[in-house]
Amino acid sequence: MPSAHDITTCPRCGDPVRKTITAKNALELLVNPDPDPTGNTAVYTDRVGRVKSRGLTTERPTPEGSEWLAIPHIATCTNPPAKRSNKGTPSRAQPRPRPRPQIQHPYWKAR
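Residue 7 in the working numbering sits at position 7 of the sequence shown, and the numbers go up by one each step.
Since no wrong hints were added, every one of them can be taken at face value.
Calculated cross-link-like contacts (lysine-lysine; reagent style DSBU-like; alpha-carbon spacing at most 30 Å):
(1) K24 x K83
(2) K19 x K83
(3) K83 x K52
(4) K24 x K52
(5) K52 x K19
Computed beta-carbon distance windows for the label pairs:
(6) R100 x G14: 43 to 53 Å
(7) R47 x R12: 27 to 37 Å
(8) P95 x S66: 46 to 56 Å
(9) P61 x D34: 15 to 25 Å
(10) A75 x P95: 31 to 41 Å
(11) P95 x L27: 28 to 38 Å
Rather than coming from a laboratory, the hints here were simulated on the basis of the structure. This one's a predicted model, so the numbers in the text were calculated from it and none came from an experiment. Using N, Cα and C, we set each Cβ at its ideal position, and we do this for glycine too.
Using the sequences provided together with the hints, build the complete structure.
Printed below as a string of structure tokens:
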């Protein structure tokens with residue numbers, strides 16, 4: 001079960017969250033601090049004391065051992081980041097710029 005010492009606040013909305021590191025040490029994920037049986041993220045504390053998380057998959061659909069279920073905070077944040085829009089971008093990719101011409105100095109000799 002989680003302890004209260006690793007709870008911090010969300011930088012966007014100020015709600016309490018837990019900072020976790022994904023199981024593959026890829027990135028940081030904020031989860032809601034309380035266990036939730038409807039969550040889709042398994043959270044656990046490793047041997048060193050780091051709070052880690054992993055997404056539930058079809059191969060491992062339930063929490064194992066000392067893991068508990070949590071909901072990622074981005075799903076419940078009251079001030080989520082703005083969604084990216086594709087407005088203003090062309091439908092086709094822009095052509096690459098031409099390379100700059102090479103400047104030949106007078107003291108260079110052609111070989």
